[in-house]
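Asks: Residue-level listing of the chains:
There are 2 protein chains.
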Amino acid sequence: MKIAVDAMGGDHGPAPVIEGAMQAAQELGVGIILVGKQDELAAACQKLACADARITIHHAPQVVEMHESPATVARKKRDSSIWVATELVKSGEADAVVSPGNTGASMVASFFVLGLIKGVERPAIATMLPTLTGSAVMLDVGANVDCTAQHLEQFALMGNEFAKHVYAKPNPRVGLLSIGEEDSKGNEVTKEAFKLLKASPLNFIGNIEGREVYSGNADVVVCDGFIGNVALKISEGVADVIKKLLMKEISGSWLGRLAYPLIAKPLLNLKRKIDYAEFGGAPLLGVNGTTMICHGRSSAKAIKNAIRRAKGLAETRLDELIQRDIEESLRRHQDERPEGKQA
Amino acid sequence: MKIAVDAMGGDHGPAPVIEGAMQAAQELGVGIILVGKQDELAAACQKLACADARITIHHAPQVVEMHESPATVARKKRDSSIWVATELVKSGEADAVVSPGNTGASMVASFFVLGLIKGVERPAIATMLPTLTGSAVMLDVGANVDCTAQHLEQFALMGNEFAKHVYAKPNPRVGLLSIGEEDSKGNEVTKEAFKLLKASPLNFIGNIEGREVYSGNADVVVCDGFIGNVALKISEGVADVIKKLLMKEISGSWLGRLAYPLIAKPLLNLKRKIDYAEFGGAPLLGVNGTTMICHGRSSAKAIKNAIRRAKGLAETRLDELIQRDIEESLRRHQDERPEGKQA
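Top line first, the protein sequences correspond to chains A and B.
Heads up, the first sequence is in this note's numbering, so the first residue is 10 and it goes up one at a time.
Heads up, the second sequence is in this note's numbering, so the first residue is 10 and it goes up one at a time.
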């Protein structure tokens, strides 16, 4: 098993990416292909005393900056680390690609180089969220801003396979993110998606409200990429503000200051549970192959976790399972269509 | 100044509503008209030893249940406490209506009885959020699930007047909730709304991401009611989960348990800051008059705060200020329209 890692994309340069790759090679026994500028990566590896034979460097002369648009990347950055790393998956030299870089660049590289799974209309970024009872996967969280009900149905199918194999849940509970539990609640797209999901073979538990996302009522939370992205970012914002206010409250009283050393460890444990960086990246589902997108400011540990996750998805061949489900769903829709009517 | 209070709508019956009304009469010197079943309210008042001459009861024989749809309310519940309380505003007997009941019922009563401000296409529920630096208003959080860019522009104008007068900010910073700060980011509706807001006289600071909502970068956060409701509910969910996990972490270690009495007060202060029930209701902006919608499970304190807020909005005549801004905006659009073209 070999994982291509875009070593140039992170906010903090190649060092944390290489460190994470070193940890992954050591702990998981995977081969790692670091993709990026040969000289720079060789120097960084030397500095980090990286002498693991399982880690190799593959040269890519260009780098995608954080602000560059997907369109620019597709036109002008086909020699960039993210693009070249994705090509290694296409050619079979690597089994998965992991990038802590520009999310749009990862998406566009996977879209053009790996291509969409047959029948999939839109790929989706799936994020793992901590819940009171374990984890849930929410998708899409940013790949598509304007979605149809059919897109949401496909996201549900993809998230279902993900939850089955990653969370080892035989029959994941699939919820549709909406503004009320009643069937009739939602906007036009979610109301239509509700009907499609109800008619599907999924274990659809109906609409779920924002409040329930973190309670663990659903294993798969389906939404369009605009809502999903806002929901994800606002969650980070709330967690951030609570942390800051809590610190302010604690340090503002002498009792609090006295107690702080005692609660420092519980607070750190809490931070680990809600810090999505620890979760190690979000897969792009719906493409042929395994693409894992990480935060630009990923730590070495987050990179290692993303590599671990990518290895798992590649071993499961999640993309093939998704293809099977999507084909079944298309056949089902074909059968449901009244005689003589075209799609 | 008299406030009509729907005393039947709360989850916990009339008692907390009456208690809140008693506190408001005492502290704010306002007159209160408790609207609901005469016998029931009289008995509850007696039980609570409510002998304040500023508090009167106005009979309404029907009650709207939490599950009833707005359509049912409009057709069959015109003698309900919420409907009758709203009629008291229309007739001038009260200056504002406060209801802790069914949100849809409050909306539909205000819509039919008070009517929309001339030029306003859709009313919006505005919620006050705590931020790191103070407060912000977010709208719409649930009155409209499918919005156009023009609706969002009107929400911005309404939120702007609200922030000016309630937060005493002469030039509120208006942000559009989206998925990236760049002008080009967003879905079709927000991209179009971005252009309208940029061309408006508002202090438009551009797109803001979910993460920034609680950081205090904007005084007014504009979004459609679907997004706003999901964002609000997910914020509650995150806060809930953090609280539960924190308690679990703290009670799971002896150090934590030892420290708990020391941090109990900071935690309570924090809860007060993020508990929106303490903020005392969300106004329905865009109708002629002042309507304040509270949570069904509002405490007496939340009711008192909602009455205080309703009094402030009614004194400011916020509805008239909104009408002026909307009319100006319509004239501006009229002027911008090329010759010979109709709306």
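Treat each hint with caution, since some may be false.
In this list, chains with the same sequence are indistinguishable; a pair is considered to hold if it fits within one copy or across any two.
[Stated by the list, open to error] Pairs of lysine-lysine residues, derived as DSSO-like cross-links and limited to a Cα-Cα distance of at most 30 Å, are as follows:
id	residue 1	residue 2
1	K274	K253
2	K56	K178
3	K253	K310
4	K11	K56
5	K11	K173
6	K252	K310
7	K253	K178
8	K257	K11
Because the hints were derived from the structure by calculation, they are not lab data.
It should be emphasised that the depicted structure is a prediction, and the values quoted were computed from it without experimental measurement.
Asks: At most 30 Å between alpha carbons: which applies to K274 and K253, within, between, both or neither?
Replies: Close inside one copy (16 Å) and across copies (16 Å); limit 30 Å.
Asks: Given a CA cutoff of 30 Å, do K11 and K56 count as a within-copy pair, a between-copy pair, both, or neither?
Replies: within (23 Å within a copy, 74 Å between copies)
Asks: Can you give me the call for K11 and K173, within, between, both or neither, at a CA distance of at most 30 Å?
Replies: This pair counts as within: shortest intra-copy Cα distance 24 Å, inter-copy 58 Å.
Asks: Could you place K257 and K11 in one of the four classes (within, between, both, neither) given a Cα distance threshold of 30 Å?
Replies: Classified as neither; 46 Å inside a copy, 40 Å across copies.
Asks: With identical chains, the pair K252 and K310 could be close in the same copy or across copies; at 30 Å between alpha carbons, which is it: within, between, both, or neither?
Replies: both (22 Å within a copy, 26 Å between copies)
Asks: Go through the copies and call it for K56 and K178: within, between, both or neither, with a Cα cutoff of 30 Å.
Replies: neither (43 Å within a copy, 53 Å between copies)
Asks: Which holds for K253 with K310 at a C-alpha limit of 30 Å: within a copy, between copies, both or neither?
Replies: both (24 Å within a copy, 26 Å between copies)
Asks: Is the C-alpha distance from K253 to K178 at most 30 Å within one copy, between copies, in both cases, or in neither?
Replies: between (36 Å within a copy, 24 Å between copies)
In summary, the numbered hints that this structure violates are 2 and 8.
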